[in-house]
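S.K.: Below, each chain spelled out in residue letters.
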Amino acid sequence: MMYTFKFQDQTYKIKLEEEGRQTEVEISGTSGTDRQCSFTEKKIPLEFQKIDESFYSIIVDGRSIGAGILKKGKKVEVFVGGDLYEFESISEREREISKGVISGVQEIKSPMPSRVVKILKTNDDGVKEGEGVIVIEAMKMESELKSPIEGKVKEVKVKEGDAVESGTVLVLISSE
Amino acid sequence: MFNKILIANRGEIAVRIIRAARDLGVKTVAVYSDADRRSLHVAMADEAYPIGPPAPGESYLVIEKIIDVIKRSGAEAVHPGYGFLSENNSFAETCEKEGIVFIGPTSEAIRLMGDKITARRIAQEAKVLLVPGSEGAVSDVEAEVIAKRIGYPIMVKASAGGGGKGMRLVRKEEDFKGSLRMARSEARSAFGDDSVYIEKFVERPRHVEIQVIGDSYGNILHLFERECSVQRRHQKVIEEAPSPAIGDDTRRKMGEVAVRVAKAVSYRSAGTIEFILDQNGNFYFLEMNTRIQVEHPVTEMITGFDIVKWMIRIAAGEKLPFRQDDLSIKGHALECRVYAEDPEKNFLPSPGKLEYLRTPSGPGVRDDSSIYNGYEVTPFYDPMLSKLIVWGGTRQEAIKRMRTALCEYIVLGVKTNIGFLRRIMENEEFVRGEIDTSFIERHPELLPPSLGEISPALIAAALAMRNSTKEVETSKQAPASNWKLLSRKLAVSRNPLI
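Chains as they are written, first to last, in the working numbering: chain A, 6 to 181; chain B, 2 to 499.
One thing to keep in mind: the hints can contain errors.
The following residues of chain A were derived to be distant from chain B, with all beta-carbon distances above 10 Å [unchecked claim]:
| # | residue |
| --- | --- |
| 1 | 58 |
| 2 | 76 |
| 3 | 112 |
| 4 | 135 |
| 5 | 140 |
| 6 | 157 |
| 7 | 159 |
Under the rule of at most 27 Å between Cα atoms (straight-line distance), these lysine-lysine pairs were calculated in the DSS-like manner [what the hints assert, rightly or not]:
| # | chain 1 | residue 1 | chain 2 | residue 2 |
| --- | --- | --- | --- | --- |
| 8 | A | 145 | B | 264 |
| 9 | A | 145 | B | 66 |
| 10 | A | 123 | B | 98 |
If you are wondering where the hints come from, they were derived from the structure by calculation, not from laboratory data. Using N, Cα and C, we set each Cβ at its ideal position, and we do this for glycine too.
This is chain B alone, in the form it adopts within the complex (with noise of 0.2 Å):
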């Protein structure tokens, strides 16, 4: 096992991975931008050390600077946790050619799988089900022919996309023109390379995905699905394992599928390997991301099976001790992402300062995050403030235990998405696990609270405004506490005189 290693990440994901290394006693170093210096992951390590300025373009990404601190600290391996350099094959690369132990995939398999068009040959090659659409970046003159082929509705989407960015939805033969430019304008401005591919828009999808693991010596496993159909503007809000929509069979198959792309690249570490379900139980690959997932605890709380800890296991060169078959699904776990974010204002962040916080907890409450009472949301990162997961032995356990945990958090200062999600986990579609990635788009009513539930609010605003000019007043009232009034008693009763 590794003495020390670098997390070359921040946020609850950071927290994440320093939690999983105490587990190994592994000694761990954080790297810092400025705006970070007060970041639980900071005072979480056992080192830490400044990378630059808050844009991560001038921290974060910058792979020397990193290397750096990789070297100047002695860590012998480096987590590069989700988002920032975890699929940047040239990072990969870097510490396999400086002799740094990358927790994560060969370089090689990162190369492979980022890039849409080579991942698709890939599954295909595989002999995995995609959906119909053109072999790789197409000419427009190319894409409209093949658009007719497949028949509208279509999807085009950017070849080095990915958040949603570059993508296009076109339902009718008029639009195809205008909207092929505007994917290819967002292309060019998001990633600088506007080459796009098209495919067949399946109606009404649900985004399954399957984990999968491996080793160094092939041994690849599945822990099987998570459910990830609630999106906003393509991100992933509420994500939730098993699948309510797929049986045993579709899922022995669904691993199936996932373990035979991962071997087409030899897969190492942690990986995910996302499909598209239609409404009549078919699967096609989508992509694999090559790295931890967000919502990779719902995974852990109905296998049992730490991922981020296998993660470095696997790393250090150990091999996986179980075979598929010893691997089962025990209840059912939710993950709700608590953004700071207005739901009312289209999703619009909200940067400040968390003025008062109080986080649920209870069995089976799982809380992931690295904010506090106090807390500063900085406009530079991604607004998730946590990701609240909750196990129940059934999918409407665990519902309910999330509607509890939910109702148990209390948030001033940024604006939040919990009433939001409250309402989703109450609203009778979602309890049937009718979801679908158009869900949250077909209910616009449960983005504002209802009008019946104001009137609490509006008491205590009022309470506010009472108690701010009897200030003094209230605090005289504030009752003896009972255990000293009950303490009074037993040293009355006890006193021998009486």
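Just chain A, with the same shape it has in the complex (with noise of 0.2 Å):
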């Protein structure tokens, strides 16, 4: 079975052969736009124990790995080696559509619990692809989020002041 995860703007594909209790893997990485990577592991003999939810024991030719597992639905938390990887697994269809041009409509969302600090832009304020669009504050640090796009502001969503949660709306941005 063929599984392709995306990861920090790079994709992956791995693929599990398995036989009866054999399980074998091949791993391929396509280059990204920062950080090159290409490179393939070939066919590895692969044995996993399921400890407990989210605890698997994984011996890949002989080399033992302990790692946490979080899956929900199409994305799938691994940590491994003190590092959280945050994949998400995609079908050959969506990987079409993530190719498209970015268009219409694009939304600023508060990353994390916070508290809206200052609005630099008001609606119909014109806006440049990475410039500062509104500050958020969490944790005693300032934050500023930047429009993902070239546009216009379509509609601010909140006040300086306000508190909000993590993935809310913040900003609407309209490439025009």
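Using the hints, build the complex out of the two chains.
M.R.: What follows is the structure, given as structure tokens:
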């Protein structure tokens, strides 16, 4: 079975071949924009045990790996070697769609529960890609959220001082 | 000794203080904001009282609320921990007036050392070297003249500052005016006071500090140094003791100087004198922290001295039973601060629920934390999850232990800096002890996992996807426990009929 994952704008393919109790794995990565990546690992024998709900012991060609795994729909969080990887499992069709040009209306969402400190743009203001639109504060740290595209502000959905949840849509930007 | 003390703090330090109090047979009172009802310090303390909304300004920082709970609970003393009210001299003063014992220094010592400019003057009078700079707060014009005299690069710092706020490095004269303006505006919004001072910037400085402890009878000892050079945004990330950069001679001199500064304010309780160490082994007074430090455990590990317990004993009127000569360093200790943050996104805090947690253990491993499976990291407080401390016979052994311990962690649900910490432990410069305060800036390659590290993660992800479609089958495949098989075998062999 072939699995395709997206991680930090890169696509990885991994093939698990199972014959009876034998499992073999083959991994390949495509080259990304910021980090060069091109590797293929050919058919490595693999064996694993699910220790509890989220803890797996995996033995890959004799190398033992303890991994934490949390599956949320199409998203898989994997914790191994101290690092948390957030993979998105994608089908071939979804890959085609994601290659399409970004257009229409884009949302700027709050990445975490926070407070709106300052709104830098108002309705109908023009914005460049990467230009700051809104400043939020969480855990004593301010961060500026930037427009993902060039366009104009369609709607500011919050006001200064508002407390917002993670994922709340703060501003809509239209590509005109 | 006290019968009952109140802990005016939360998180791991509240848990640490509860443990110390328990050792002494002292009852503990916790206070908690609405966001902390499910926090560990509340569950561990003997008594717990709510003090209001999550925002610290409406709960943990409100002196009247804390004093009210102290009175209602009948606690005789209060331990402020670090942060919050720990260096607030009016809180200490209120306690003094109300007849409540403040487990820490006098309000006078906090006041004197809390003002950076006064602290520099005290250090100077105690014949302690300072980094060349302005004698105090300066006007824009004075600042420019002094900057010219001491030469670039220089640092502009907020008089009321801390935690890197209101701090600006200026490398060239033409950048001076702009940086000064920004430092003032940051200082004004962070501390409500825009006065700044300037000092010479030491190239590739190391941050080395001396732990001191004094009793109420004028005895002041030092517990050697800690090196805290590995920092991000002026916040410590990895601390160790002893420092790999200094020898016995510098260690002795630094200790003497620190004790001199502490004596200048008749210091009582635990405190820390911070120094900047340059590449030639010269050290300069930076500031004194009049509280327990986050990184105190590394000192405890190499000296066997329980600092938090002694803070309580000293507050209860006990006398330090040792002399300086009785203390010595044994082995080496490291501390890693585990944060819920994303090193790849400029260390942006990562609040959320800990969906799964496994923590390290083993010989010489100490995990000072207040987290648990299902713990919710809220956006209201510092995102530190845990302090992982290890002890080893040598620095190299401690580093190896730290690597093992970091690899034992499993944290799902929030981003952490654990992998980043592990890569630092594997970095050759770090292993050789070649660190300074710019270490993290110089090593951006350590922030993300290296390319080779992704394969095991991908395999795990694929297994997760595979398993979700074959959940039932997998559970069927689980082998019978070996213990069961063994007991069956034994039962069979013991059967007298066979």
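S.K.: Which of the listed hints are not met by the structure?
M.R.: Violated hints (numbers, rising): 1, 2, 8, 10; every other hint is consistent with the structure.
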